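**Q** Chains as they are written, first to last, in the working numbering: chain A, 1 to 376; chain B, 1 to 376.
These are computed hints drawn from the structure, not numbers from a lab.
Here the structure is a predicted model, which is why all the values come from computation and not from measurement.
Here a beta-carbon is modelled for each residue, glycine too, at the ideal position from N, C-alpha and C.
A couple of the hints might just be wrong.
Claimed, not checked - Straight-line distance between alpha carbons at most 25 Å, and here's what the computed SDA-like set of lysine to any residue pairs gives:
{"no.": "1", "chain 1": "B", "residue 1": "Lys50", "chain 2": "A", "residue 2": "His125"}
{"no.": "2", "chain 1": "A", "residue 1": "Lys296", "chain 2": "B", "residue 2": "Lys296"}
{"no.": "3", "chain 1": "B", "residue 1": "Lys296", "chain 2": "A", "residue 2": "His58"}
Claimed, not checked - Calculated Cβ distances over 10 Å to all of chain A for the following chain B residues:
{"no.": "4", "residue": "Lys46"}
{"no.": "5", "residue": "Val55"}
{"no.": "6", "residue": "Lys83"}
{"no.": "7", "residue": "Lys114"}
{"no.": "8", "residue": "His125"}
{"no.": "9", "residue": "Tyr159"}
{"no.": "10", "residue": "Gln164"}
{"no.": "11", "residue": "Arg186"}
{"no.": "12", "residue": "Gln210"}
{"no.": "13", "residue": "Gly227"}
{"no.": "14", "residue": "Glu235"}
{"no.": "15", "residue": "Leu236"}
{"no.": "16", "residue": "Asn243"}
{"no.": "17", "residue": "Glu302"}
{"no.": "18", "residue": "Glu365"}
Protein chains: 2
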Amino acid sequence: MVNQTTNKMKIGEYKLQKKSGQARAGQLQTAHGVVETPIFMPVGTKATVKSLTPVELHDIKAQIILGNTYHLHLRPGEKLIQKLGGLHQFMGWDKPILTDSGGFQVFSLSSLRKITEEGVEFRNHLDGSKCFLSPEVSMQIQMDLGSDIIMAFDDCAEYPASPQRIQDSMDITIRWLKRCKEAMNRPESLLFGIVQGGLVYDSRMKSLEQVTGIDLPGYALGGFSVGEPIEKMHELVPKVAPNLPENKPRYLMGVGTPLDLLLMIDAGIDMFDCVMPTRVARNGTLYTSQGKINIKKESYKEDPTPVDPECDCYTCKNFSKAYLRHLYIAGEILGARLNSLHNLTFYLKLTNQARKHILEGTWDEFKTRMITRFVT
Amino acid sequence: MVNQTTNKMKIGEYKLQKKSGQARAGQLQTAHGVVETPIFMPVGTKATVKSLTPVELHDIKAQIILGNTYHLHLRPGEKLIQKLGGLHQFMGWDKPILTDSGGFQVFSLSSLRKITEEGVEFRNHLDGSKCFLSPEVSMQIQMDLGSDIIMAFDDCAEYPASPQRIQDSMDITIRWLKRCKEAMNRPESLLFGIVQGGLVYDSRMKSLEQVTGIDLPGYALGGFSVGEPIEKMHELVPKVAPNLPENKPRYLMGVGTPLDLLLMIDAGIDMFDCVMPTRVARNGTLYTSQGKINIKKESYKEDPTPVDPECDCYTCKNFSKAYLRHLYIAGEILGARLNSLHNLTFYLKLTNQARKHILEGTWDEFKTRMITRFVT
Numbered sequence: 001m002v003n004q005t006t007n008k009m010k011i012g013e014y015k016l017q018k019k020s021g022q023a024r025a026g027q028l029q030t031a032h033g034v035v036e037t038p039i040f041m042p043v044g045t046k047a048t049v050k051s052l053t054p055v056e057l058h059d060i061k062a063q064i065i066l067g068n069t070y071h072l073h074l075r076p077g078e079k080l081i082q083k084l085g086g087l088h089q090f091m092g093w094d095k096p097i098l099t100d101s102g103g104f105q106v107f108s109l110s111s112l113r114k115i116t117e118e119g120v121e122f123r124n125h126l127d128g129s130k131c132f133l134s135p136e137v138s139m140q141i142q143m144d145l146g147s148d149i150i151m152a153f154d155d156c157a158e159y160p161a162s163p164q165r166i167q168d169s170m171d172i173t174i175r176w177l178k179r180c181k182e183a184m185n186r187p188e189s190l191l192f193g194i195v196q197g198g199l200v201y202d203s204r205m206k207s208l209e210q211v212t213g214i215d216l217p218g219y220a221l222g223g224f225s226v227g228e229p230i231e232k233m234h235e236l237v238p239k240v241a242p243n244l245p246e247n248k249p250r251y252l253m254g255v256g257t258p259l260d261l262l263l264m265i266d267a268g269i270d271m272f273d274c275v276m277p278t279r280v281a282r283n284g285t286l287y288t289s290q291g292k293i294n295i296k297k298e299s300y301k302e303d304p305t306p307v308d309p310e311c312d313c314y315t316c317k318n319f320s321k322a323y324l325r326h327l328y329i330a331g332e333i334l335g336a337r338l339n340s341l342h343n344l345t346f347y348l349k350l351t352n353q354a355r356k357h358i359l360e361g362t363w364d365e366f367k368t369r370m371i372t373r374f375v376t
Numbered sequence: 001m002v003n004q005t006t007n008k009m010k011i012g013e014y015k016l017q018k019k020s021g022q023a024r025a026g027q028l029q030t031a032h033g034v035v036e037t038p039i040f041m042p043v044g045t046k047a048t049v050k051s052l053t054p055v056e057l058h059d060i061k062a063q064i065i066l067g068n069t070y071h072l073h074l075r076p077g078e079k080l081i082q083k084l085g086g087l088h089q090f091m092g093w094d095k096p097i098l099t100d101s102g103g104f105q106v107f108s109l110s111s112l113r114k115i116t117e118e119g120v121e122f123r124n125h126l127d128g129s130k131c132f133l134s135p136e137v138s139m140q141i142q143m144d145l146g147s148d149i150i151m152a153f154d155d156c157a158e159y160p161a162s163p164q165r166i167q168d169s170m171d172i173t174i175r176w177l178k179r180c181k182e183a184m185n186r187p188e189s190l191l192f193g194i195v196q197g198g199l200v201y202d203s204r205m206k207s208l209e210q211v212t213g214i215d216l217p218g219y220a221l222g223g224f225s226v227g228e229p230i231e232k233m234h235e236l237v238p239k240v241a242p243n244l245p246e247n248k249p250r251y252l253m254g255v256g257t258p259l260d261l262l263l264m265i266d267a268g269i270d271m272f273d274c275v276m277p278t279r280v281a282r283n284g285t286l287y288t289s290q291g292k293i294n295i296k297k298e299s300y301k302e303d304p305t306p307v308d309p310e311c312d313c314y315t316c317k318n319f320s321k322a323y324l325r326h327l328y329i330a331g332e333i334l335g336a337r338l339n340s341l342h343n344l345t346f347y348l349k350l351t352n353q354a355r356k357h358i359l360e361g362t363w364d365e366f367k368t369r370m371i372t373r374f375v376t
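Just chain A, with the same shape it has in the complex:
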């Protein structure tokens, strides 16, 4: 069995098990167990994957979840979490956790930020007080949280950005990455570097060369899914990703829709995260094997059928569209729960099936069949 092989793996070791074109199936050993890729990582921003318990995440086969450095630093604070045994203990999750560096949230949520060589000064979105993040601070926070995979503190250029802005962000990202690696002193945590470079192939490749020039247990592509037309990502990632080291895991940050996942797995990406499945769930949008639906629709008012007849999640096994619509309209918490559980099940099943088909040599047929479902 898979677990027997992985028992011999060291923390940080990545094993490429099978390729189909550029698509990859692999295993990554972390301090809290093996992650089997391709994998989707549910987002647990504030030490909770919104509305769900750890036992539910186990049940739907989540293997690794995300925590957000920016949010957890502000509230309740990493020192408090550390004192209580670390993020795993705090939130009752005993499998791997990846934390982002906080950099992206500083850009998207805070105000009055000032970037210097040293780091970023900003006013936080909660009470407007002054905060400071730098490579060293971000590493320390993530180490205090006890994260299994620590993301480098980078500078992600907004979209659209000028060539100069892109160049500056690449330059500081690589200088900061060196400081991140220097600051890391927790052997159980794996540091992933982040490739920037905007949407131009040449600058992406230059950043990739710089970042992968530093030996690290994994690499990510940042700066996608930041507002650009999604076709640009679909076009660029397949050209860039295959140049990442083959023997290291590859993570495409903040992506995406089921279609994005299929296309990007095909481009050689191993790991994904996105708030979308839980966020849209709370707004009534549900992914199904027949495409996306919104449970608010009048036509579901008396619909006795489950959201997705092909789904075996608790929601689909027990409740009708009519009931979920009622919960949504009535503003009931249970609606947010049942919808979130379904959407995450859908995402995790998608990456799990992708893995299975890559391992079995049937990836191309599977991919083609699935893509037609999501291209509308």
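Please arrange chain B on chain A, whose structure you already have, making use of the hints.
**A** Frame of chain A; chain B shown alone:
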């Protein structure tokens, strides 16, 4: 075992198993199984016990839950629920359901109500449109929902109320009760009559005599917990309840705190319902074996201990006060869930233990020990 005895019971049969003073342990057979009393019934206003799934309710040993006629009539409508197989099927709950008559919500939530002999005309709180409830309409709604226990449509006087208002409400309540019984034509549903009469012993006893003069499978005391000083209820119920038929279940509507439950079980009450454990949970208030706490408190900020060391619910087994405080402060849905689960576990354990002690002849010691915990 208990279930073997109850296999022989008919729907509507109540078996008084043991008494300790006025306190009673019994079993009530419904179309969806036996209810073992004393019992607390979680409130599922809009076809969901807020934030929880049916499987969680099973796990914490809920035996019977409430649905609200007023809310379900307005949204999604009883005809829709009936079409989808009834309330049990709609919400995925296969144990007993009791529904109230809608009368109380008309008084507490709607505007411009007009009481006539025929029924009550009102404008609903959702869109202000005109609605009408009467004994016949209420019975039909509850039968359409497929309720196991149907509450009579009564007139509950507000507090404080004049002697004339009390008298009028008693008079119309008994006339409406006769119409309720007449309108009932669903053999699987049990109709419970409701005793009114305000807070004066003589009028309570008069109403009790009138209502119990009509042969029904159960009786409730209404018009308590409507804003009166709670001592008045503590004083009056022990004088009134023992006059209810001994061979029928007794339900005290809308009550109450853990202390109320202990005192009222001691007064001979078998069934309770209250939104309190779930409502206050969403506001951070938690019941514990050491008394009530509010998780917001600064002093729990770094507290690694569970809410209640004597509790074996999922919340207490897996999470610290510090984590629950964090979820509360961050406004996370999971906080509402975990708190609700804990409080309902607490309530259900309390009635379950009460039953056990009544059956074992140790009720007095248990009651005394527990009351001291909740009198502060």
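**Q** State for each hint whether it applies.
**A** Against the structure, the hints come out as follows:
1. Lys50/B to His125/A: Not satisfied, since the Cα-Cα distance of roughly 30 Å exceeds 25 Å.
2. Lys296/A to Lys296/B: 34 Å, violated
3. Lys296/B to His58/A: Roughly 29 Å separates the two Cα atoms, so the pair is violated.
4. Lys46: 5 Å, violated
5. Val55: 7 Å, violated
6. Lys83: 6 Å, violated
7. Lys114: 27 Å, holds
8. His125: His125/B clear of chain A: closest Cβ-Cβ about 13 Å, beyond 10 Å.
9. Tyr159: Holds, because the least Cβ-Cβ distance between Tyr159/B and chain A comes to about 29 Å, which exceeds 10 Å.
10. Gln164: The claim stands: Gln164/B keeps its Cβ more than 10 Å from every Cβ of chain A (closest is about 38 Å).
11. Arg186: 22 Å, holds
12. Gln210: At roughly 37 Å from the nearest Cβ of chain A, Gln210/B sits farther out than 10 Å, so the non-interface label holds.
13. Gly227: 26 Å, holds
14. Glu235: Given that every Cβ of chain A is farther than 10 Å from that of Glu235/B, nearest at about 38 Å, it holds.
15. Leu236: 36 Å, holds
16. Asn243: Given a closest Cβ separation of 40 Å, the condition holds.
17. Glu302: 6 Å, violated
18. Glu365: With a cut-off of 10 Å, Glu365/B remains clear of chain A, as the shortest Cβ separation is near 37 Å.
Consistency with the previously given hints fails for numbers 1, 2, 3, 4, 5, 6, 17, ordered from lowest to highest.
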